[in-house]
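There are 2 protein chains.
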Amino acid sequence: MRIILDAMGSDRHPEPELHAAVEAARQFGDEIILVGKEEVLRPRLEALNPDGAPVRLVHAPEVLEMTDKPARSARAKARNSMAVGMELLKAGEGDAFVTAGNTGGAMANALFRLGRIRGVKRPALATRFPTRKGYCVVLDIGANAECKPEYLLQFAVMGSVYAEHLLGVPNPRVGLLSNGEEAGKGNDLVKATYPLLEASGLNFIGNVEGKELFGGEADVVVTDGFTGNVLLKGSEAVVRLLVDVLKEHLMASPRTKLGALLAKPAFEALKGLLDPEEIGAAPLLGINGLVFVGHGRSDARALLSAIRAARQGVENDLLTRLGTAIAARLTAAEE
Amino acid sequence: MRIILDAMGSDRHPEPELHAAVEAARQFGDEIILVGKEEVLRPRLEALNPDGAPVRLVHAPEVLEMTDKPARSARAKARNSMAVGMELLKAGEGDAFVTAGNTGGAMANALFRLGRIRGVKRPALATRFPTRKGYCVVLDIGANAECKPEYLLQFAVMGSVYAEHLLGVPNPRVGLLSNGEEAGKGNDLVKATYPLLEASGLNFIGNVEGKELFGGEADVVVTDGFTGNVLLKGSEAVVRLLVDVLKEHLMASPRTKLGALLAKPAFEALKGLLDPEEIGAAPLLGINGLVFVGHGRSDARALLSAIRAARQGVENDLLTRLGTAIAARLTAAEE
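As they're listed, the protein sequences go chains A and B.
Per the numbering used here, the first sequence starts with residue 3, numbered consecutively.
Per the numbering used here, the second sequence starts with residue 3, numbered consecutively.
A portion of the hints provided could be inaccurate.
[To be verified] Far from chain B, some chain A residues (derived; all Cβ distances over 12 Å):
1) Asp53
2) Arg77
3) Lys92
4) Asp97
5) Glu152
6) His167
7) Val171
8) Glu211
9) Asp226
10) Asn231
11) Ala239
12) Asp246
13) Ala271
14) Ala302
15) Asn318
16) Ala327
[Claimed, not checked] According to the in silico footprint, chain A covers these stretches of chain B (three or more CB under 8 Å from chain A):
17) 89–101
18) 107–119
19) 164–171
20) 245–253
21) 303–310
Worth flagging that the hints you see were computed from the coordinates, not collected in a lab.
Source: prediction; values computed, not measured.
Cβ coordinates follow ideal geometry from the N, Cα and C atoms, glycine included.
Extracted from the complex, chain A is given alone in its bound form (with noise of 0.2 Å):
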């Protein structure tokens, strides 16, 4: 397997990506192509490899910025570090390609280097929520601020073959976020989206709030993008802001250090659930490459973590897994 690295992707970059590139080709024995400036890599990259794990560098002169507009320029800036990760997937010099990039950007370049699966109406940015008992796929988080119902149907489709694919779970079950449980309830999109969801032959479970999600009570939940963004960073801010004030209260007296250093195991195991790195990148789903979206504070463990769900994604052939399951349904509707 060989899994192609945007090296200038990070908010840090490129550091990160030279040691989760360095720690990633030792750990799989797999080869990792790092994109980006050659001589900005080149010696940091001798450096840190003695041993010579199998690290390959590919030249890409120009860098996206995080105040570049993406759709332009992905096209202006034509050999950006992305573009030309893609193209490398594109031409198969690689399986799976991953970058800590901005996520707009990102999602440019890959329609324009990759294009859709066919048939795919708009791909989708899709990461797992921690729940009471597992994961939960989300989808859109962020790729497609205004969303059709015909849309939300194919990334309920799409989401269900990454969770049944990629975490395992037979038949997921499909909430469609609303801002009630009730059938009905919902903004235009919502309601709209309802009906196909029931008539689409998925384990549809109807419409889901933050408790459902959050309890495990559906595999996957299907939203546009800009709620699923609202959302995701919304739960983010809400627990960052309850583990400081935590902390915070906790190191205020002798006795609450004493018990907070006892408890340590229950702080602990509370981690896996908190941390975003533990998750590492998001699929862009529907785009006709693997192509996986790290935050842009990644650091080198977050970033082994995105290369080890790419990894994930090759294994379980999941770009394959997704055109079988949207041809389907373009056969079944065209019958």
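Starting from the structure of chain A, add chain B where the hints point.
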């Protein structure tokens, strides 16, 4: 001051309402007007209130059920407890109305019985979110699943009045909830609302995400009722998940149990942050009368806190201030 309380609102009505009414009458010395089925309420009230704190019963023969369609039943059940209570408010027999019943039902009844403040396009449900620095008023959290930019502009005006006069924040900072902080991010509604807020003369700080909201960087955050509701319920649910998992692990061994005991003051400090009952009730801003909607799961303590919120609204002349702020904008627009 006289507060009118819907006796048939909460999930476990009327017990929490009866207890809250008697307790409020005792604590504040105000008359509480309790509206509901007299034959049910009378004997229980007499048993609870032997010293005759000022609680008056007003009979309402019908009850809005969760299964009722709000708009239809607000009319069909003309003598439901919310309708009767709001008619009392309109007639000047009370200063504010409090219910823990269905939000949709409260809104439908309020629109039908009390109408809107002159110039208000859509009333909004507002609540306070806890933040790193205090509270942030978020609206709409569920009254209007579909919104237009002009509604959000008015939400910002009304939310600013709320923050200034009920939370004591001079010149409140107004944020627009979006899927990215940068101007230009957002769905169509956000993009169209941004210039209106920029030109509004309000203290508009731009787009905000969960990080800014929970970080206390805005005093008012405006959004459509669908997104606001998803954010509110999602935040509540993820916090509940976190607390439950932590509790479970704290109880897992004698060592962690002891740690939890010692660290108790730190956990206590979190309570105010976590407890939706601390906040009590959300006002329906824009209705021509002070209407506060509490959580269906409210117990007596939560309802007491809801009554307290309503009293604060009366004391600070919230209704007049909202009317003045909206009227000033109407006049400005006409000039």
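Right, here's what the structure says about each hint:
Every Cβ of chain B is farther than 12 Å from the Cβ of Asp53(A); the closest lies at roughly 40 Å, confirming the non-interface assignment. Interface exclusion of Arg77(A) from chain B stands, the closest Cβ pair being 18 Å apart, more than 12 Å. For Lys92(A), the shortest C-beta to C-beta distance to chain B comes to about 28 Å, beyond the 12 Å cut-off, and the non-interface label holds. Under the 12 Å C-beta cut-off, the non-interface status given to Asp97(A) relative to chain B holds; the minimum distance is some 30 Å.
Chain B leaves Glu152(A) outside its interface by the beta-carbon criterion, the shortest separation being 17 Å against a cut-off of 12 Å. With 12 Å as the threshold on Cβ separation, the claim that His167(A) sits away from chain B holds: the shortest Cβ distance comes to roughly 26 Å. The Cβ of Val171(A) sits about 19 Å from the closest Cβ of chain B, beyond the 12 Å cut-off, so the non-interface label holds. A cut-off of 12 Å between C-beta atoms contradicts the statement that Glu211(A) is not in contact with chain B; the least separation is 5 Å.
Annotated as non-interface, Asp226(A) brings its C-beta within 12 Å of a C-beta of chain B; the closest such distance is 7 Å. A beta-carbon of chain B comes within 12 Å of the beta-carbon of Asn231(A); the shortest separation is about 4 Å. Its closest Cβ contact with chain B, about 3 Å, brings Ala239(A) to no more than 12 Å, contrary to its assignment away from the interface. The claim that Asp246(A) lies off the interface is violated: its Cβ sits roughly 7 Å from the closest Cβ of chain B, which falls inside the 12 Å cut-off.
Non-interface status of Ala271(A) relative to chain B is broken: a Cβ of that chain comes within 12 Å, the nearest being about 4 Å off. With a cut of 12 Å on Cβ distances, Ala302(A) stays outside the contact zone with chain B, its closest approach being about 23 Å. Look at Asn318(A): its CB is around 27 Å from the nearest CB on chain B, clear of 12 Å, so calling it non-interface holds up. No beta-carbon of chain B is positioned within 12 Å of the beta-carbon of Ala327(A); the least distance is around 27 Å.
Note: the segment 89–101 of chain B has 0 residues with beta-carbon separation from chain A under 8 Å; the three-residue rule is not met and the coverage is violated. Counting residues of the segment 107–119 of chain B whose beta carbon lies closer than 8 Å to any beta carbon of chain A gives 0, which falls below the threshold of three, so the coverage claim is violated. Coverage of the segment 164–171 of chain B by chain A is violated in this model, with 0 residues showing a Cβ closer than 8 Å to a Cβ of that chain against a need of three. Taking a C-beta to C-beta cut-off of 8 Å, the segment 245–253 of chain B contributes 5 residues in contact with chain A, enough for the three needed, and the coverage statement holds.
Coverage of the segment 303–310 of chain B by chain A is violated. Counting CB-CB distances below 8 Å, 0 residues qualify, and the rule asks for three or more.
The structure does not agree with the numbered hints 8, 9, 10, 11, 12, 13, 17, 18, 19, 21 stated previously, though it agrees with the rest.
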